[in-house]
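Q: Single-letter residue listing:
There are 2 protein chains.
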Amino acid sequence: MNSRYLLTLSLIFTLFVNMGAQHQVPIPTPEQLQWQNTELAALVCWDMHVFDGEFYVQKEVRITPVKDYNTFDPKNYDMDQWIKSLKDAGFKTAIFTVSHETGFFFHQSNATPYCMKALKWQEGKGDILRDFKASCEKYGILPGVYIGTRWNAFYGVHDFKVEGVGTFAEHRQQYYNTMIENVVEEIFANYGDWAIVWFDGGAHSPEQGGPDVLSIFDKLQPNSLFYHNLQRSDMRWGGSETGTVPYPSWGTFPYLSTGAGESAKKEIRANNYQLLKTGDPNGNYYMPAMSDAPLRGHGGHDWFWEPNREDIIYPLDKLVKMYYNSVGHNTTLILGVTPNTDGIIPEPDVKRLKEFGDEIKRRFDSPVKSVSGEGYQLSIKFANKQNINQVVLMEDISKGERVRKFILEGKTKGGWHMIFEGSCIGNKFIHRFDDKEVSAVRLKVLESIGKSQILEFSVYDVTNP
Amino acid sequence: MNSRYLLTLSLIFTLFVNMGAQHQVPIPTPEQLQWQNTELAALVCWDMHVFDGEFYVQKEVRITPVKDYNTFDPKNYDMDQWIKSLKDAGFKTAIFTVSHETGFFFHQSNATPYCMKALKWQEGKGDILRDFKASCEKYGILPGVYIGTRWNAFYGVHDFKVEGVGTFAEHRQQYYNTMIENVVEEIFANYGDWAIVWFDGGAHSPEQGGPDVLSIFDKLQPNSLFYHNLQRSDMRWGGSETGTVPYPSWGTFPYLSTGAGESAKKEIRANNYQLLKTGDPNGNYYMPAMSDAPLRGHGGHDWFWEPNREDIIYPLDKLVKMYYNSVGHNTTLILGVTPNTDGIIPEPDVKRLKEFGDEIKRRFDSPVKSVSGEGYQLSIKFANKQNINQVVLMEDISKGERVRKFILEGKTKGGWHMIFEGSCIGNKFIHRFDDKEVSAVRLKVLESIGKSQILEFSVYDVTNP
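Line by line, the protein sequences give chains A and B. Using this note's numbering, read the first sequence as starting at 45 and increasing by one per residue. Using this note's numbering, read the second sequence as starting at 45 and increasing by one per residue.
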């Protein structure tokens with residue numbers, strides 16, 4: 045046994061030397077670090093069609109302007125209720141859809157008339173983006189903004205392109221692109237710092253005939269996260285909307301960008317976006333996956349509020365499982381929440397979020413023991429026998445994802461026993477298992493690129509896990 | 045001589061009996077009567093592109109949304125100045141382009157966001173249509189509203205049709221039509237009575253895949269004039285934008301409607317819209333021609349203000365000639381005036397309008413003598429020899445345009461001499477001629493449908509005619 049470990053140790057040192065020299069692991073930016081530490085982010089989805097009284101059919105809404113935007117009349121609108129709900133549930137980041145696919149912008153714009161100025165509501169003076177930002181500051185939530193440019197039913201834009209042909213289309217595309225640039229400039233310039241800006245489906249760049257939003261980002265939000273276009277993508281979509289990724293899901297990716305969903309390159313599209321899910325340990329770009337799902341996604345898939353759909357709110361146990369398979373798999377879990385037509389996050393959703401947050405706290409706030417350290421082995425010893433059923437591992441990813449192979453072992457009366465044999469740790473790896481009585485646990489890093497930096501190695505004895 | 049006239053008289057009586065029974069001449073509605081009495085109407089043209097700093101090229105603006113609508117910032121906007129200028133110049137009606145081809149609406153709309161609400165100007169509370177209506181009331185000008193639905197660069201609508209294909213186009217057309225109906229309803233419902241509503245290029249009707257604006261008109265503006273769609277046209281375009289029609293220009297027309305410019309039926313399009321110019325004495329529809337021209341149309345054709353174009357304001361003598369060939373040819377003269385980017389009708393335009401109004405007054409306010417009467421002959425006798433050089437004839441068109449053939453004669457030392465042999469009188473016929481010294485003048489109606497009803501037969505001795 046010991047000799048085998050010595051051999052492994054030698055091998056690891058060899059790897060340190062060889063691979064450390066050959067291969068620099070990609071390092072996240074400070075903003076990506078913060079993002080990975082977020083763990084729980086809410087995507088707050090609202091758009092004009094929520095108010096149209098019809099069940100949302102995305103492909104219809106994409107090509108059909110909303111009949112009457114003044115159906116937007118949330119009488120009990122309470123932004124603090126939204127953000128407090130998220131804060132109470134343990135969310136660290138919230139991202140608001142200032143525009144989705146109808147083309148309406150939930151701010152005061154001087155670049156597109158299809159914005160809050162057009163509304164009777166609050167006499168055209170409302171600014172939900174402003175309220176959102178203020179409330180995030182009030183409750184200590186990192187604010188993000190989601191901007192839809194790919195689909196715009198109001199302007200007749202379909203997959204980035206205006207409909208029509210010839211000079212008409214050429215002029216209109218130019219107009220649309222400039223309008224988007226101006227709107228983006230407003231959002232980036234007039235609302236302070238954003239923790240993340242999210243161009244859904246990506247943002248076409250000038251080379252693709254699209255607006256130049258990245259330059260505006262670079263100028264006005266240099267310390268934010270950019271998601272995404274073909275030039276830059278600070279994170280990647282996790283390849284499904286299940287709120288999970290498989291294990292392992294590496295934070296690194298072999299391409300500079302992912303492309304937009306169905307128009308991604310075939311290596312990315314292959315096997316139902318497998319590469320987005322797993323990433324690539326040898327990828328040159330730090331671009332961690334996001335696990336996204338609508339809270340109302342259990343037997344349905346409602347990113348946007350519909351009446352009488354409380355029954356599809358994920359049950360608590362499913363959300364907890366989702367957490368293990370997202371945050372516990374080195375990704376941020378992005379849960380879609382959606383205010384109702386009354387202007388608040390519905391009570392059943394708030395309740396479930398709170399239950400979820402409480403349950404996560406209950407499961408993770410009190411480890412039996414935590415250690416950190418660097419190198420190939422970390423051990424935790426107990427004075428007495430200790431029941432455990434959960435382990436959390438975190439790399440110090442400010443040094444990059446270094447670990448490639450590891451084992452977790454527990455020491456019982458019969459000696460050391462394997463608990464888990466893994467590959468990726470990354471920002472966070474969580475493993476739960478049947479109750480095991482141990483006197484010690486140890487993490488052995490069998491392969492890594494450079495010396496592994498373990499920020500946290502915690503073991504838990506969760507009751508009713 | 046006498047026997048010839050007796051014969052004519054007999055013939056006329058025969059015609060009375062025969063044709064009166066066979067052919068009822070079309071009778072104008074009270075609104076059309078009022079319109080014909082207007083004589084001078086101003087079409088006040090404004091649109092967002094006036095502010096874009098570029099020379100207006102209609103076919104470009106039709107397909108290119110205005111880059112920045114907040115360039116609209118008329119710092120010395122003064123609606124009273126507009127309307128007082130028109131009043132002072134003798135205009136009786138003013139028609140304002142609440143929308144032209146950019147798609148922007150100069151009112152507070154809850155149906156299209158591309159309206160005054162979108163502007164920084166007056167903090168989005170401005171309503172030029174409201175101001176226009178109020179000022180017209182203040183100065184006793186009949187208010188009209190011009191609504192563009194055929195071209196809409198903002199929504200990508202080209203000759204009534206949204207650009208694009210398939211379901212996208214179908215849904216978008218439906219949206220556009222409904223939006224137009226809602227906007228029209230606002231304009232008809234929220235601003236009181238309009239003397240005339242003008243859908244330029246016509247308004248497509250539901251049968252043509254367009255909005256149903258006529259029903260809204262019937263419901264909300266039953267006492268207004270409707271111009272125009274395929275179901276109804278209370279007047280017709282005079283077939284040119286020269287501010288004139290040829291003689292004769294009958295107030296009657298053989299078709300229910302005219303169609304829109306280049307898409308009119310071929311009988312109407314033929315010979316450069318000859319039928320629009322002349323009308324048809326046997327037409328079943330009372331639908332008098334309008335003679336329209338931009339005030340800035342002399343060596344240019346600017347319906348919309350451009351900087352440094354004062355030199356193309358029609359000279360006074362051309363305007364006076366235009367009056368003779370429009371009002372004097374049984375049509376209303378519609379002069380296009382256009383406020384500048386400062387928000388006022390420019391001083392040179394105001395000055396020219398005033399000169400024009402004064403000159404028309406000078407020429408027409410003091411006839412040597414006026415008579416009226418019915419039947420086939422009307423005479424004016426002078427105590428002494430009288431110099432004359434102008435005659436005005438008016439039928440009482442509330443009874444229809446009855447006269448088909450007439451002669452004007454003056455009695456000199458040598459007996460009766462022909463001054464003019466004509467066909468149409470209609471609302472107004474003006475004839476000017478070289479100075480003639482007469483002791484009497486007479487109008488002989490040689491043919492008419494029913495008994496001719498001469499509302500006015502005036503002779504003038506205009507100095508410096």
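Careful: at least some of the hints might be erroneous.
Heads up, the list lumps identical chains together, so a pair's fine if it works in one copy or across two of them.
What the hints assert, rightly or not - Result set (EDC-like, lysine to aspartate or glutamate): computed pairs, CA atoms no more than 16 Å apart in a straight line: (1) K128 / E285; (2) K103 / E214; (3) K131 / E399; (4) K449 / E465; (5) K119 / D402; (6) K457 / D117; (7) K395 / E481; (8) K164 / E225; (9) K111 / E214; (10) K480 / E98; (11) K425 / D402; (12) K131 / E391; (13) K111 / E225; (14) K405 / D256; (15) K136 / D96; (16) K488 / D478; (17) K449 / E399; (18) K131 / D402; (19) K263 / E229; (20) K449 / E418.
If you are wondering where the hints come from, they were derived from the structure by calculation, not from laboratory data.
Q: Indicate, hint by hint, whether the structure satisfies it.
A: Each hint tested on the structure:
{"no.": "1", "hint": "K128 / E285", "in the structure": "neither (25 Å within a copy, 65 Å between copies)"}
{"no.": "2", "hint": "K103 / E214", "in the structure": "between (24 Å within a copy, 14 Å between copies)"}
{"no.": "3", "hint": "K131 / E399", "in the structure": "within (13 Å within a copy, 73 Å between copies)"}
{"no.": "4", "hint": "K449 / E465", "in the structure": "within (8 Å within a copy, 110 Å between copies)"}
{"no.": "5", "hint": "K119 / D402", "in the structure": "neither (30 Å within a copy, 59 Å between copies)"}
{"no.": "6", "hint": "K457 / D117", "in the structure": "neither (66 Å within a copy, 85 Å between copies)"}
{"no.": "7", "hint": "K395 / E481", "in the structure": "neither (35 Å within a copy, 102 Å between copies)"}
{"no.": "8", "hint": "K164 / E225", "in the structure": "neither (26 Å within a copy, 19 Å between copies)"}
{"no.": "9", "hint": "K111 / E214", "in the structure": "between (27 Å within a copy, 14 Å between copies)"}
{"no.": "10", "hint": "K480 / E98", "in the structure": "neither (52 Å within a copy, 79 Å between copies)"}
{"no.": "11", "hint": "K425 / D402", "in the structure": "neither (29 Å within a copy, 108 Å between copies)"}
{"no.": "12", "hint": "K131 / E391", "in the structure": "within (15 Å within a copy, 63 Å between copies)"}
{"no.": "13", "hint": "K111 / E225", "in the structure": "between (26 Å within a copy, 12 Å between copies)"}
{"no.": "14", "hint": "K405 / D256", "in the structure": "neither (42 Å within a copy, 61 Å between copies)"}
{"no.": "15", "hint": "K136 / D96", "in the structure": "neither (31 Å within a copy, 45 Å between copies)"}
{"no.": "16", "hint": "K488 / D478", "in the structure": "neither (20 Å within a copy, 117 Å between copies)"}
{"no.": "17", "hint": "K449 / E399", "in the structure": "neither (35 Å within a copy, 94 Å between copies)"}
{"no.": "18", "hint": "K131 / D402", "in the structure": "within (11 Å within a copy, 75 Å between copies)"}
{"no.": "19", "hint": "K263 / E229", "in the structure": "within (10 Å within a copy, 45 Å between copies)"}
{"no.": "20", "hint": "K449 / E418", "in the structure": "within (15 Å within a copy, 112 Å between copies)"}
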